[in-house]
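Produce the entire structure from the sequences given, and follow the hints as far as they go.
Listed below, chain by chain, are the residues.
Number of protein chains: 2
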Amino acid sequence: MEEDVKEGASDKYSLRGRVFSRLREDILNGKYEEGVELREIAIGEELGVSRTPVREAFRQLELEGLIRIIPNKGAYVVGISDKDVRDIYILRSRLEGLAARWAVDHITKEQLEEMEENVYLAKFHTLKGHTEQIFELDNRFHELLYEASGSKILEHQLKDYHQYVLRIRKKTLSSKARGPQSNLEHEAILEAIKNKNPDDAERLAHEHMINAYKNMIDNGLIKPEEK
Amino acid sequence: MEEDVKEGASDKYSLRGRVFSRLREDILNGKYEEGVELREIAIGEELGVSRTPVREAFRQLELEGLIRIIPNKGAYVVGISDKDVRDIYILRSRLEGLAARWAVDHITKEQLEEMEENVYLAKFHTLKGHTEQIFELDNRFHELLYEASGSKILEHQLKDYHQYVLRIRKKTLSSKARGPQSNLEHEAILEAIKNKNPDDAERLAHEHMINAYKNMIDNGLIKPEEK
DNA sequence: GCCCGTTTGATTGTATACAATAATACACGT
DNA sequence: ACGTGTATTATTGTATACAATCAAACGGGC
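Protein chains in written order, with our numbering: chain A, 1 to 227; chain B, 1 to 227.
What the hints contain is simulated information worked out from the structure, not anything from laboratory work. Any given hint could turn out to be false.
No copy is singled out in the list; a pair is fine if it fits within one copy or between any two copies.
[Stated by the list, open to error] Computed list of lysine-lysine pairs in DSSO-like fashion (alpha-carbon distance at most 27 Å, straight line):
#	residue 1	residue 2
1	Lys83	Lys159
2	Lys170	Lys152
3	Lys31	Lys83
4	Lys31	Lys109
5	Lys123	Lys73
Because the structure is a prediction, the values reported are computed rather than measured.
So this is what it looks like as structure tokens:
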């Protein structure tokens, strides 16, 4: 039962890793609002650890831009704004297109099989309205796409963005209309990859993101770009 | 003489910040080769600090993917491969295109003026063959473009990539042919932004990266994609 | 001689102690 | 009453002490 062989820089078994993951989720889920000050001792007591792992987690969160540390003063939550979310979707639309294009040449047999299984399972859970499973399968589909791109850099980047918009994605996929439509689009991307058609793969993955973006706006999940 | 008002998460006045910057440069410049083990105490002694700031720097480097930390074992240099560099240039070609497009609408008068000055100065230093200044001006031109995009997310991302390929860029810009050509391309991008032409701006910024990419390959600075 | 368990050393993970810094409160003088 | 300088306190920055873990050396049994 080998488990967690990769574990990309989060390390859920160390205190520091747990503090980092927890704080990150809490910020991305909106538990800590913009501008809130995070005190090392308070966070440490809340999670039952000393300042050391908390500090290390803070430094990582700062690098990700989720908090801002002012030297000798404190750590303040930055979080992500509606504009950030919109920007991320535009960036993702371009980069996921690239990932799909590259995946055509680099996907392994195992990855392809898991993708097919993923789409098949998602169809089932969509019918049943199992939102939690739909969310997890959507997560996995995109992760698979990133891994299949064969680019460590691109994979790393897209996984970050994927995490960042976690809260909004949860809402989006729960919608009666978007959930099923999203899975149909996954299926189309998968078909293009199977058929070794990079242009279609890129275009479909690009459109997939644009559609998700439009859905967000149309359902008022985030406010549209002001001009 | 206000200085370092922004200081994006590096903090050069704390020990941790200095250790981080130093290690990052050393890895990106190739001082520490792939697979080398970094010991907290050794690095600490080398830089005259204790383990604490070194550990915090390690955690940040891990998040950036420049080292890999195996729990209870050690930290190993990952660095960036030739493939990573190639991938980054492809990603940059797309994202810098986007930055240039967005800059058309978001650039401030001050940023525009500094860009014009930048291009003008670069022309001078190119004639004189001042490679160090050319490098700094190239740095600044791209940073300005990122800032002018008006997107915190995109700016953050592109600055990271820009840092990552620092070593290769130093070599590239020193070449007799690429230095002047690069500046001409900067000028063209600037013109498109001034003329409020997003399509041209995007296309030119995209081509600028592709040209830099081709130059790298043609001059044997990195090995081409194997197929 | 080889295999396997134990011991030992080195290194990281965590907690705490101490130093430096910054914000606030307070007292003093005007 | 107001401003200024100082003292106090809270918080972060850094160093060190201790615990846990891993790996390699060692030694006994076969």
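How the hints compare with the structure:
1. In this assembly of identical chains, Lys83 and Lys159 lie within 27 Å of each other by CA distance both inside one copy and across copies; the values are 19 Å within and 19 Å between.
2. In this homomeric assembly, Lys170 and Lys152 come within 27 Å of each other (Cα to Cα) both inside a single copy, at 26 Å, and across copies, at 23 Å.
3. In this assembly of identical chains, Lys31 and Lys83 lie within 27 Å of each other by CA distance solely inside one copy; the values are 19 Å within and 39 Å between copies.
4. In this homomeric assembly, Lys31 and Lys109 never come within 27 Å of each other (Cα to Cα): the closest approach is 41 Å inside a single copy and 38 Å across copies.
5. For the homomeric pair Lys123 and Lys73, neither the shortest alpha-carbon distance inside one copy (51 Å) nor that between copies (43 Å) is at most 27 Å.
Violated hints, listed in ascending order, are 4 and 5; each of the other numbered hints is respected by the structure.
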